[in-house]
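> Single-letter residue listing:
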Amino acid sequence: MKISLGPVLYFWSADKLREFYREIAGSSVDIVYLGETICSKRRSLTLAEWIEIGEELQSAGKEVVLSTLALLEAESELKSLKRICNNGKFMVEANDMAAVQILSSQSIPFVVGHSINLYNQRTISVLAKHSMRRWVAPVELSKYTIKELHQSKPEGVESELFVWGRIPLSYAARCYTARHYDLPKDECQYKCIEDPDGILLETKENEEFLTINGIQTQSAQSCNLLPHLEDIADIGIDIVRISPQSSATLSIIELFNRARSNQISIDERIVAAKPFLHYGGVDGYWMGKAGMKREI
Amino acid sequence: MELVCPAGNLPSLKAAVDNGADAVYMGFKDDTNARHFAGLNFTEKNIGQAVEYVHQKGARIFTAINTFPQPEGWRRWTDAVDRAAEAGVDAVILADIGLLDYAAERWPDLHLHLSVQGSATNYESLKFMYENFGIRRAVIPRVLSAPQVRHLTEQTPVPLELFGFGSLCVMVEGRCLLSSYVTGRSPNTYGACSPASHVEWVDLENGKMETRLGGLLVDRYEAGENAGYPTICKGRFEVQGKQGYAIEEPTSLNTLELLPEMMDMGIAAIKIEGRQRSPAYVAQVTQIWRSAIDACAKDPQTFQVKDEWNRELGKVAEGAQTTLGAYHRSWQ
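Residue numbers (our numbering), protein chains in the order written: chain A, 177 to 472; chain B, 3 to 334.
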């Protein structure tokens with residue numbers, strides 16, 4: 177089982193990103209997804225700079241994938257997308273059907289990210305015929321569905337599962353960070369750079385509920401499938417994905433690394449993961465329940 | 003420009019057609035469509051009646067099969083496509099790639115429309131659906147600004163259908179899991195956002211009340227305040243000490259004033275939301291939009307939205323207020 181690191185979903189400065197990936201180069205992740213997937217206005221790094229970071233990670237032995245925007249509306253966004261798809265060096269993760277179209281029409285192999293709805297065998301087969309080489313399961317699917325889909329997928333296609341991090345729940349035209357600061361979206365002052373893990377949204381009785389991240393809404397709780405790693409391995413899932421957070425990402429990677437080689441018991445994992453879960457961990461989706469439920 | 007109206011049941015379908023709808027859309031009584039509510043939708047028996055009524059009046063009928071089948075339910079979705087095709091509907095509205103592939107192969111003459119749940123917000127996505135499944139129309143998520151819609155019409159061969167009026171999804175349709183995160187049921191998987199089985203209306207002391215979804219507090223109301231249906235995106239929450247509608251106010255989309263612009267862009271159809279609403283709602287909204295489209299088609303230069311139209315639409319709008327939504331950039 178390989179471990180991947182998903183793209184950074186928040187707006188971090190160029191310095192913070194560079195330092196982060198220098199550390200990641202020495203970690204035990206096998207695959208690193210790079211690039212901006214949420215908002216085209218966030219431009220800490222140019223495509224050339226992302227590729228440079230990718231090359232450094234590659235020489236450290238990592239597989240590198242360039243990830244792309246989940247919501248594309250403007251022509252300028254499609255132009256940037258085409259440049260990423262035709263980078264000629266790294267595989268690309270499509271997070272919208274626009275990327276699927278651009279890549280498949282040139283028969284370039286690609287990954288399909290979890291924001292594209294792959295809920296059944298026929299959808300997976302159609303995309304596999306169009307050069308999809310890996311699919312990341314949509315985050316609301318249960319282990320029962322994922323097992324069936326994994327075990328019946330066409331040959332040559334890998335399955336990847338989101339196992340750690342705040343769960344991406346929705347995308348909108350509206351920027352909720354700008355709305356929170358009473359700023360128009362077009363003059364947002366890049367406020368989201370002030371919140372490297374997004375902004376917490378609570379109910380009126382102060383139950384931690386969601387995370388605001390620009391145009392994306394995430395869960396406040398982190399998905400934590402560390403205790404379920406044996407089940408995941410038994411199904412045969414090829415890759416487990418950790419979503420980066422502003423601190424402790426390396427420790428989380430190390431926990432998964434030790435767990436995949438059975439160095440720590442399930443009870444130890446639950447204790448060890450605790451300090452890295454700001455508002456608790458959830459595994460409801462995996463268990464076939466509401467996403468915010470916790471079974472283990 | 004075609005006026006496409008909601009038909010949650012036979013009385014609504016008749017109300018739509020009798021009041022000037024060019025087309026109606028409906029779904030079957032199960033989780034294969036995104037308005038999977040108790041007491042709504044059509045059976046194998048009355049779909050025939052529906053098709054006959056609509057066709058007699060010279061209108062068209064579309065079947066929404068726009069949720070995402072998982073392996074265990076796959077047959078239910080393909081059966082729905084077969085049933086719609088056999089009943090002679092004019093198009094099916096689909097979102098799932100696998101199902102589009104099935105329908106295109108099994109029923110090559112059946113017209114396929116891409117549902118709003120298919121999340122196509124740009125011409126490259128539409129190109130995929132057009133080249134692979136031959137879609138004849140696409141319903142566009144309520145996230146683009148008016149200039150972005152115009153650009154889209156210039157770049158795609160696919161005729162577009164836009165939402166004109168009704169409850170407003172602020173998230174990209176087909177990609178919103180807020181309801182599923184709280185209840186385990188989402189529009190994608192179950193065909194309902196905030197399913198009634200998980201909703202609680204709780205009376206508190208002194209006339210106050212609160213609404214909950216799956217036990218989670220969505221809003222709390224002072225005495226005399228109107229309580230809205232608890233969809234997550236229209237709840238009141240706290241963000242860094244600030245309380246309010248952090249995502250969106252309870253409001254409906256109303257794009258009457260954009261009609262001349264939409265006609266000028268060559269928009270193929272306007273969709274009215276509300277299969278879960280009453281036949282009276284359908285009759286009234288259809289009537290107003292029929293008058294507006296006819297007036298605008300006659301003379302787009304001098305077209306003006308009548309105050310009485312907006313007044314009447316305002317009365318049936320969620321939260322009794324309306325917005326231009328994302329079409330108007332400042333809303334974003």
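Hints may contain errors.
Lysine to aspartate or glutamate pairs mimicking EDC-like chemistry, simulated, CA-CA at most 16 Å apart [to be verified]:
id, chain 1, residue 1, chain 2, residue 2
1, A, 238, A, 191
2, A, 305, B, 133
3, A, 323, B, 74
4, A, 305, B, 103
5, B, 244, A, 358
6, A, 380, B, 240
7, A, 380, B, 212
8, A, 255, A, 228
9, B, 244, A, 378
10, B, 129, A, 430
11, A, 323, A, 407
12, B, 244, A, 430
13, B, 210, A, 381
14, A, 178, A, 407
15, B, 47, B, 103
16, A, 192, A, 370
17, B, 31, B, 20
It should be emphasised that the hints constitute simulated quantities derived from the structure, not laboratory data.
> Taking the hints in turn, state whether each one holds.
To see whether the hints hold, each was checked on the structure:
1. Proximity of residue 238 (chain A) to residue 191 (chain A) is assessed by CA-CA distance (about 21 Å); at most 16 Å being required, the pair is judged violated.
2. A distance of roughly 14 Å separates the Cα atoms of residue 305 (chain A) and residue 133 (chain B); the hinted pair therefore holds under the 16 Å criterion.
3. Only pairs whose Cα atoms come within 16 Å are accepted, and residue 323 (chain A) paired with residue 74 (chain B) is accepted, the gap being roughly 12 Å.
4. Among the hinted pairs, residue 305 (chain A) with residue 103 (chain B) is consistent with the structure: their alpha-carbon atoms are about 12 Å apart, no more than 16 Å.
5. Between residue 244 (chain B) and residue 358 (chain A), the direct Cα distance comes to roughly 11 Å. Compliance with the 16 Å bound is thereby established for this hinted pair.
6. Taken as a hint, the residue 380 (chain A) and residue 240 (chain B) pair is honoured in the structure, with Cα atoms around 6 Å apart against an allowance of 16 Å.
7. For the hint linking residue 380 (chain A) to residue 212 (chain B), the alpha-carbon distance of about 10 Å falls within 16 Å, and the restraint holds.
8. Distance restraint check for residue 255 (chain A) and residue 228 (chain A): the Cα-Cα separation of roughly 20 Å exceeds the 16 Å cut-off, and the hinted pair is therefore not satisfied.
9. Straight-line distance between C-alpha atoms of residue 244 (chain B) and residue 378 (chain A) comes to about 10 Å, which keeps the hinted pair within the 16 Å bound.
10. Note on residue 129 (chain B) and residue 430 (chain A): the hinted pairing is violated, with a Cα-Cα distance of about 43 Å set against a maximum of 16 Å.
11. For the hint pairing residue 323 (chain A) with residue 407 (chain A), the CA-to-CA distance comes to about 10 Å; that is within 16 Å, so the pair holds.
12. Pair hint residue 244 (chain B) plus residue 430 (chain A) does not hold up; C-alpha atoms about 37 Å apart against a cutoff of 16 Å.
13. Note on residue 210 (chain B) and residue 381 (chain A): the hinted pairing holds, with a Cα-Cα distance of about 15 Å set against a maximum of 16 Å.
14. Distance restraint check for residue 178 (chain A) and residue 407 (chain A): the Cα-Cα separation of roughly 15 Å lies within the 16 Å cut-off, and the hinted pair is therefore satisfied.
15. At most 16 Å may separate the alpha-carbon atoms for a hinted pair to count; residue 47 (chain B) and residue 103 (chain B) exceed this at roughly 27 Å.
16. Of the supplied pair hints, the one linking residue 192 (chain A) and residue 370 (chain A) holds, its CA atoms being roughly 12 Å apart against a limit of 16 Å.
17. Among the hinted pairs, residue 31 (chain B) with residue 20 (chain B) is inconsistent with the structure: their alpha-carbon atoms are about 23 Å apart, more than 16 Å.
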